[in-house]
Amino acid sequence: MAASMKNDLSWLRISFLSLAVGLMLSACAGAGFEEGSADDVPVNDPFEPMNRKVFAFNKAVDDAYINPIVLGYREALPQPARTGISNVFRNLRSPVDFINQTLQGDIDGAGTVLARAVVNSTVGIGGLMDVAADQGLSYEQEDFGQTLATWGVGHGPYLVVPVLGPSSSRDYIGYFADAFMNPVRMYLFNTDREDVYYALAGAQYLELRESLYDVLADLENASIDYYASVRSTYYQRRQALVEDSLSSLEDEPDMADIPVYDE
Amino acid sequence: MRSLILLFLPLALIAFSSPAMAQKTGPEVFIGKMTSHAIDFLANPELSFEQRKVQFRTLLRRDFDLRTIGRFVLGRYWNQATPAQQKEYLKLFEERVVNIYSNRFKEYDGQKIEVRGSRPEGDDTLVTTFIVSDSSKPIQIDWRVRNKGGAYKIVDVVVEGVSMSMTQRSDYASVIQTGGGDIEFLLTSLREKQS
Numbered sequence: 056m057a058a059s060m061k062n063d064l065s066w067l068r069i070s071f072l073s074l075a076v077g078l079m080l081s082a083c084a085g086a087g088f089e090e091g092s093a094d095d096v097p098v099n100d101p102f103e104p105m106n107r108k109v110f111a112f113n114k115a116v117d118d119a120y121i122n123p124i125v126l127g128y129r130e131a132l133p134q135p136a137r138t139g140i141s142n143v144f145r146n147l148r149s150p151v152d153f154i155n156q157t158l159q160g161d162i163d164g165a166g167t168v169l170a171r172a173v174v175n176s177t178v179g180i181g182g183l184m185d186v187a188a189d190q191g192l193s194y195e196q197e198d199f200g201q202t203l204a205t206w207g208v209g210h211g212p213y214l215v216v217p218v219l220g221p222s223s224s225r226d227y228i229g230y231f232a233d234a235f236m237n238p239v240r241m242y243l244f245n246t247d248r249e250d251v252y253y254a255l256a257g258a259q260y261l262e263l264r265e266s267l268y269d270v271l272a273d274l275e276n277a278s279i280d281y282y283a284s285v286r287s288t289y290y291q292r293r294q295a296l297v298e299d300s301l302s303s304l305e306d307e308p309d310m311a312d313i314p315v316y317d318e
Numbered sequence: 126m127r128s129l130i131l132l133f134l135p136l137a138l139i140a141f142s143s144p145a146m147a148q149k150t151g152p153e154v155f156i157g158k159m160t161s162h163a164i165d166f167l168a169n170p171e172l173s174f175e176q177r178k179v180q181f182r183t184l185l186r187r188d189f190d191l192r193t194i195g196r197f198v199l200g201r202y203w204n205q206a207t208p209a210q211q212k213e214y215l216k217l218f219e220e221r222v223v224n225i226y227s228n229r230f231k232e233y234d235g236q237k238i239e240v241r242g243s244r245p246e247g248d249d250t251l252v253t254t255f256i257v258s259d260s261s262k263p264i265q266i267d268w269r270v271r272n273k274g275g276a277y278k279i280v281d282v283v284v285e286g287v288s289m290s291m292t293q294r295s296d297y298a299s300v301i302q303t304g305g306g307d308i309e310f311l312l313t314s315l316r317e318k319q320s
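Protein sequence lines correspond, in order, to chains G and E.
Numbered continuously in my numbering, the first sequence closes out at residue 318.
Numbered continuously in my numbering, the second sequence closes out at residue 320.
Incorrect hints may have been included.
[Stated by the list, open to error] In silico SDA-like links for lysine to any residue, alpha-carbon gap of 20 Å or less:
1. G:Lys108 to E:Met159
2. E:Lys178 to E:Val300
3. E:Lys262 to G:Leu296
4. G:Lys114 to G:Asp247
5. E:Lys262 to G:Leu274
6. E:Lys231 to G:Tyr268
7. E:Lys216 to G:Ala277
8. E:Lys231 to G:Asn276
9. E:Lys262 to G:Gln259
10. E:Lys237 to E:Val300
[Stated by the list, open to error] Where chain E lies over chain G, by a calculated footprint (3+ residues, C-beta under 8 Å):
11. 95–109
12. 268–280
13. 287–294
[Unchecked claim] Which residues of chain E face chain G? A few of them, derived with a C-beta cut under 7 Å, are:
14. Asn224
15. Ile225
16. Ser295
No lab work stands behind these hints: they were computed from the structure.
Only a predicted model underlies this, so the values are computations on that prediction, with no experimental measurement involved.
The beta carbon of each residue, even a glycine, is placed where N, CA and C say it ideally should be.
Looking at chain E on its own, in the form it has when it is part of the complex:
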């Protein structure tokens, strides 16, 4: 019995003094939970594509600030849009995000996500993670996390230095400019993409 205690004591000490445990900040824990939840439904072989899509939408609505992201992506055209256009745009935007990422579910092949650390970025926190797998080089993904009334929300995803919001903003701006500055042109494209 005593030998058992002697055996477990050092292990317990190591576990409780582990600096990694003590240092995890709120946003890091949040991102860790979000990504492991995502991997859970991606890796679950019993779920159908549609079921995964439902899970993904739930996660998206819960952990992402879609309104802020959508508005940022529309840039200066947000203020030019009528309230009705803004409303339709946000709905189409969510649909678009769900569709884009659902198309990638099949790419999941056992990858894991490691939370590496975080640093302040203005009033937000940038949490650095790496996607690691046996089959490719690690990919750096930074999550921009904002504390909104006590709840953490993701407001941008930065892949290897490339902001997804920024890229989409450039994309949408170009579409609207091609249409002579009319936001209706973008809405039409988004409606077409949806069907």
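The shape of chain G in the complex, shown without the other chains:
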């Protein structure tokens, strides 16, 4: 019991430390967008030389360790089984999605998370089947990075985190905040089962990497400067998630304007 208390405290300390570091990063590098036109993705990458080194390191780790595991996982389990596992992980994330929807003031969104969790945990057999999506309640990922964005916090500098990959100081803080507020983590930590939590987090990470495998391979194949393509993709994808603009025909996301050129 005492040990788990201590563990929880060290977690808190790490979280605050990363929060402080992140805020410092955001503070020391305010402006400095690279591109000239309003149509460009507003990239803020003051640590680009270091980020590129970490990016190369991550690529080596991917090739040597992550991708072989991902492909093995694919080989071992057929798609329906993998979809089931992915659904279970999403269902386990419901408390985090719910808290963030609420913090963002998106009451409809919070209601959707709740309805999805109830339906999928029961009719969907513990979250294995996403029956709620068939009823029009589709999944939306919500995290604390997005919550900060709706509160008006900018990305801060772009960061490539070892192993975890592309992030920004804002979203990286959000990543720790999500883990910190996650009731599943609290429960496991309070019952001396930290190892179960880390195993779960690792499995979730591998599941995510499996779903991204083809996308990343295609992106690398289509790029000359893969680093720049991934960075651009990261900013655009986060923007779409913050605006909840996917799968919605009404909301107008903030899109680049493609001009009409003279011939």
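Could you slot chain E onto chain G? The hints should help.
Frame of chain G; chain E shown alone:
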């Protein structure tokens, strides 16, 4: 005979009153035709890789505004390029697009594309489609369609919120910046990729 008519009448009524039929807009019909044409040649087992590539290039030239896309992708460097460089760039750009997507032909595995709806985006229309298959989660693809002198042309493809033109623009800008702002640096890379 009468029973036959009675049987078909409700079916006919349903068919003609179907709201889905009435609501399909011009750009949605255009995207529906384009994607089903693409699936036709991707799924046709009698075509060789080279034949598919030819079909794809024809579709690309007919239904995409490659000049607008290519120019957008080059961003502010378009105006810094000489007319000769612009011309070579557009040629290399088309080649690059054909090569990138031909590499993905083999990934086709029975997926279907559903047109879900559309909404205005400035003077253009954004048509929302989903790639659905038994083997993976649905993928959202939005097509930005522009009416150019009475003909619909695609000017951007947005996959799960990520614009392909924008991503390539970032890529090319970075390549040119690495080369000290010289567009020739990009052209060299594109020539190398082609060979």
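So, going through the hints one by one against the coordinates:
Restraint check for G:Lys108 and E:Met159: the C-alpha separation of about 42 Å exceeds 20 Å, so the hint is violated. Of the pairs offered as hints, the one joining E:Lys178 and E:Val300 is violated, with about 27 Å between alpha carbons and a cut-off of 20 Å exceeded. This hinted pair checks out: E:Lys262 and G:Leu296 have alpha carbons roughly 17 Å apart, not beyond 20 Å. A hinted pair counts as satisfied when its Cα atoms are at most 20 Å apart, and G:Lys114 with G:Asp247 does not qualify at roughly 35 Å.
Pair hint E:Lys262 plus G:Leu274 holds up; C-alpha atoms about 19 Å apart against a cutoff of 20 Å. The straight-line distance between the Cα atoms of E:Lys231 and G:Tyr268 is roughly 16 Å, inside the 20 Å bound, and the hint therefore holds. Distance check on the hinted pair: E:Lys216 and G:Ala277 sit about 17 Å apart at the alpha-carbon level, within 20 Å; holds. The straight-line distance between the Cα atoms of E:Lys231 and G:Asn276 is roughly 14 Å, inside the 20 Å bound, and the hint therefore holds.
A distance of roughly 17 Å separates the Cα atoms of E:Lys262 and G:Gln259; the hinted pair therefore holds under the 20 Å criterion. A C-alpha spacing of about 35 Å is found between E:Lys237 and E:Val300, which places the hinted pair above 20 Å, so the restraint is violated. Counting residues of the segment 95–109 of chain G whose beta carbon lies closer than 8 Å to any beta carbon of chain E gives 3, which reaches the threshold of three, so the coverage claim holds. Counting residues of the segment 268–280 of chain G whose CB falls under 8 Å from any CB of chain E gives 8; the rule of at least 3 is met.
Residues of the segment 287–294 of chain G lying with their CB closer than 8 Å to a CB of chain E number 5, which satisfies the three-residue condition for coverage. Interface restraint check for E:Asn224: the shortest CB-CB distance to chain G comes to about 9 Å, outside 7 Å, so the restraint is violated. For E:Ile225, the suggested interface contact is upheld, since its CB lies about 5 Å from the closest CB of chain G, less than 7 Å. Given the 7 Å rule on beta carbons, the hint for E:Ser295 holds: about 3 Å separates it from the nearest Cβ of chain G.
Checked against the numbered hints given earlier, the structure breaks hints 1, 2, 4, 10, 14 and satisfies all the rest.
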